[in-house]
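Chain D: place on chain W using the hints.
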Amino acid sequence: MRKILFLLALSMFLVGCTAATNDKKKLTIAVIPKGTTHEFWKSIHAGSNKAAEELKAQGTEIEVIWKGPLREDDREQQIQVVEGFAAQGVSGIVLAPLDNRALVRPVSDAKRAGVPTVIIDSGLESDEFVSFVATDNRKGGSLAADRMGQLLNGKGKVLVLRYAEGSASTTERESGFIDQIKAKFPEIELVSTDQYAGATRDTAKRAAENLLNRFGDEVQGIFTPNESSTAGMLLALQDIGKAGKVSFVGFDVSQTFIDAMNAGQLHGIVVQNPFNMGYLGVKTMVENLLGRSVEKKIDTGVMLVTKENMESPDVKTLLHPPLDQYLK
Amino acid sequence: MIAEAKPNRTFFNPSLLQNWLNRVGPALGLLLVIGIFTLLMDTPSRFLSPNNLRIVLSQTVIVAIGAIGMTMIIISGGIDLAVGSTIALTGVVTALGINAGMSPSLALALGIAVGGLVGIINGFVVTRLKVVPFIATLGMLGIGRGVAKWLANQQTVNMPGTWLNELLVMFPNPAWLLVAPGVWITIVLAVVAAIVLRRTVFGRRVFALGSNEAAARACGIATDRLKIWIYGLAGLLFGLAGVMQMSRLRQGDPTVAAGSELDIIAAVVIGGGSLNGGEGSILGSMIGALIMAFLRNGCQQVGWPNYVQEIIIGAIIVIAVAIDRWRTARAVA
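Going down the list, the sequences are from chains W and D. If you read the first sequence in my numbering, its first letter stands for residue 1, the second for the next number, and so on. If you read the second sequence in my numbering, its first letter stands for residue 1, the second for the next number, and so on.
Certain hints may be false.
Cβ-to-Cβ under 10 Å is the rule here; a few derived chain W residues that face chain D [as the list claims (entries may be wrong)]:
{"#": "1", "residue": "Thr-36"}
{"#": "2", "residue": "Thr-37"}
{"#": "3", "residue": "Glu-187"}
{"#": "4", "residue": "Glu-189"}
{"#": "5", "residue": "Ser-192"}
{"#": "6", "residue": "Asp-194"}
{"#": "7", "residue": "Tyr-196"}
{"#": "8", "residue": "Lys-205"}
{"#": "9", "residue": "Asn-213"}
{"#": "10", "residue": "Gly-216"}
{"#": "11", "residue": "Leu-235"}
{"#": "12", "residue": "Gln-238"}
{"#": "13", "residue": "Ile-240"}
{"#": "14", "residue": "Gln-255"}
{"#": "15", "residue": "Thr-256"}
Treat the hints as calculated values from the structure; they're not laboratory data. Where is the CB? At the ideal position from N, CA and C, for every residue including glycine.
Isolated chain W (complex conformation):
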C-alpha cells in the first residue's frame, strides 16, 4: 500500500513537471550521452548547446536538457533516464545508446508515448527512431589501418585491444580496422584481437598491462578503438617505458593524446567530430519536430590526425572545439 501511495505521489510530481514544461509551447530536447566524464561527451554537450543558441536566435523557443548515466556501461541507468524523459513528456530525445539492443524497448516506448528519438554516436537495432547521426565508424577503423600499414611499411605484428562487449560503434571500428589490415596488408599479422579494455581507464590500463607483458616484445603496432582504451594503453606503455617504441594508433582525442603525439608516443588518432554530432543531433530533432523531412542517416565526419597535420586550421578547430564558449 505504501508503495502504491509512493508511486502515486511520484507520478503526480512528474505530471507537475510535465505541465510546467509544456506551458509555453517551448521545445524541450533531452540529450542523453553514454557518460559524462569523457571529454568526448563534453564536446557533444557543447555542440548541442550551440544548436540551441542558433535556434533561439532564429526565434524557436528551445531548451536542451543534458543528462546521462555517469558510468559508460550502466545500461539500466540509461534506460531509466530515457523512460524518465518519455514520462516527463519532453518534445524529443537525442540519445547515444549504450547498447544496440538494450535501449530498443525504451526508445519504442517513448515513440508510442509521442516522444521521437534521434540516435547519435552508436547504433540501435531498431527503425523506430527519426535519424541516425553518427561517425562512419567503419571508415574510421580503416583509416587507422591505413595509417598502421604506412607506419609499419606493410609488415609486422599488431595487437588490437577492443573496448567493451556490446558497444556497436567500437565494434564497427575494430572490424573496420581488422578487415582493412587483412585486405590491404597481408603481411601484417594480428596477434591478439579478442581481449576487451572494459569501461574505464582503470580497467583498460589493467588489461593493457597484462597484454603487454604477454605480447609486448613481439608486437610492432597497437590499435585501440576509443578514448578510455587509448588512455589506458598509453598509461601502460608509459609505465613500462615502451611508449614511442611501438607504433600506436588510437581513437578520439584529449589533451593527453595531443601531448603524447607531440612526444612521439602516439602516432595517429582517428578523430570524430563530436561537436558536430551534438550540433546536428539537436538540429535534426528540431527539423523533425517542425515537420520537415530529415535524412535517415547523417555522417558527421571522421579524419586521421597525426603529428604532421596537427597544426592545420581544419584539424585545430576539430581538436579544440569551442567548449568554453558553449559550456558555462
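Quick look at chain D alone, frame taken from chain W:
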C-alpha cells in the same frame, strides 16, 4: 615457578597442525593458481618474469590496502560496503587538492583524512544510531559516490603531475626499490596491521568484539568506542587506497572502483576471514588479493574471455569458504 607453566606441546598436536593448515591454506591456493597458469601459458617464462610480478603487485595494491582495513572490520564482526565509493571520493578530493595548489604531501594527507572521516561517520551511524553495519555502509556507498561526483562536477579531475603519480609505476625511481613504492607501503602497512591485531590490547579487543560482543562488553570493553576506532582506522586505509587509485589513473575519477568493495571483501574471505566475526588474518587477506590479481592477469594472458575469469573467481570464493567450514567442523569434532 611461573615460568615453567608453558603450554604442553607434543610433536603431533592436532590443533597445531590445524593452525598450520589454516595459515598456509590460502598460500597453497595462490601457488596452485600460479602453477596452473604457468602450465597453460605458451610462454611461461614471461608469466613468471619479474616484470609480470611487478605488474601484478601494482595491480593488487588498491585491493590489498583496502583489504587491510576490511580485515579489521570483518574480524570485529562488521562489514563496510562503502569502500569503492570512499576510494573514488578520496581520489577526487586529492586531485582537487593538488589543483587547488596544495603540496602533494598535504593533498595526500587530505585524501587519507577524508577516508578516516567517512569511516568515523560510519562508526557513529553504527553505534549511536544503531543501524546495522550492512545498511549503514550501504547508505554511505550511495552518499560517498554522490559526493564524489558532485565535488568533481560530474567529470574526471585532471591535475598536474606530482610525485604522487609515481606511487604505482612499474619501474620505480630509484631502481633499487625493485617494485613500485606503493607496493612497499602496502607491505609495511600489512606488517604493522598484523602486529597490531595479534600483539596489542587493541587487536585482542577487536577479536573479542567479533567473537562475542556481549561478552566483550561484560569484560569492560567500551565496544561502541572501539567500533568507531575500527571504522575510522579502516577509513584512513581506504583513503590511502583512493590516493593510490588516483596515482594509477593520473586523475581523480568519480566513477572508478564501483564494485571494488566486493573484490576487497572477497580477498578477506578467501584469506580465511569469517563474516560472523572473530576470524581473519592480514596475511590471508593479502594472499586473497594476490590470488584475484593473478587470476585476472593469467586469464588475460592465456587469452580467455572475461566471463571465464568471473566464473573462476566466484567459484574460488565459495570453495575457499567451504573448505574453511569443513576444517572448523572437524576441529570442533
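Hints and how they fare:
1. Checking Thr-36(W) against chain D: minimum C-beta separation of about 5 Å stays under 10 Å; hint holds.
2. The interface hint given for Thr-37(W) holds, since its Cβ lies 5 Å from the closest Cβ of chain D, which is under the 10 Å cut-off.
3. Interface hint at Glu-187(W): violated, since its Cβ lies 23 Å from the closest Cβ of chain D, which is beyond the 10 Å cut-off.
4. Interface restraint check: Glu-189(W) against chain D, minimum CB-CB distance 15 Å, threshold 10 Å, status violated.
5. The beta carbon of Ser-192(W) comes within 7 Å of a beta carbon in chain D, closer than 10 Å, and the hint placing it at the interface holds.
6. Contact between Asp-194(W) and chain D, as hinted, is supported at the beta carbon level, the nearest pair being about 7 Å apart and thus within 10 Å.
7. Hint status for Tyr-196(W): holds, given a least beta-carbon distance of 6 Å to chain D, under 10 Å.
8. Given hint, Lys-205(W) at the interface with chain D, holds; its Cβ is 7 Å from that chain's nearest Cβ, closer than 10 Å.
9. Given the 10 Å rule on beta carbons, the hint for Asn-213(W) holds: about 5 Å separates it from the nearest Cβ of chain D.
10. Of the supplied interface hints, the one on Gly-216(W) holds, with its beta-carbon coming within about 9 Å of a beta-carbon of chain D, less than 10 Å.
11. The closest approach between the C-beta of Leu-235(W) and any C-beta of chain D is roughly 7 Å, which is under the 10 Å cut-off, so the hint is satisfied.
12. Satisfaction of the interface hint for Gln-238(W) is found here, the shortest Cβ-Cβ separation to chain D being roughly 9 Å, below the 10 Å cut-off.
13. Using the Cβ-Cβ criterion of 10 Å, the hint placing Ile-240(W) at the interface with chain D is satisfied: the shortest such distance is roughly 5 Å.
14. Checking Gln-255(W) against chain D by beta carbon gives a least distance of about 8 Å; that is within 10 Å, so the hint holds.
15. Satisfaction of the interface hint for Thr-256(W) is found here, the shortest Cβ-Cβ separation to chain D being roughly 8 Å, below the 10 Å cut-off.
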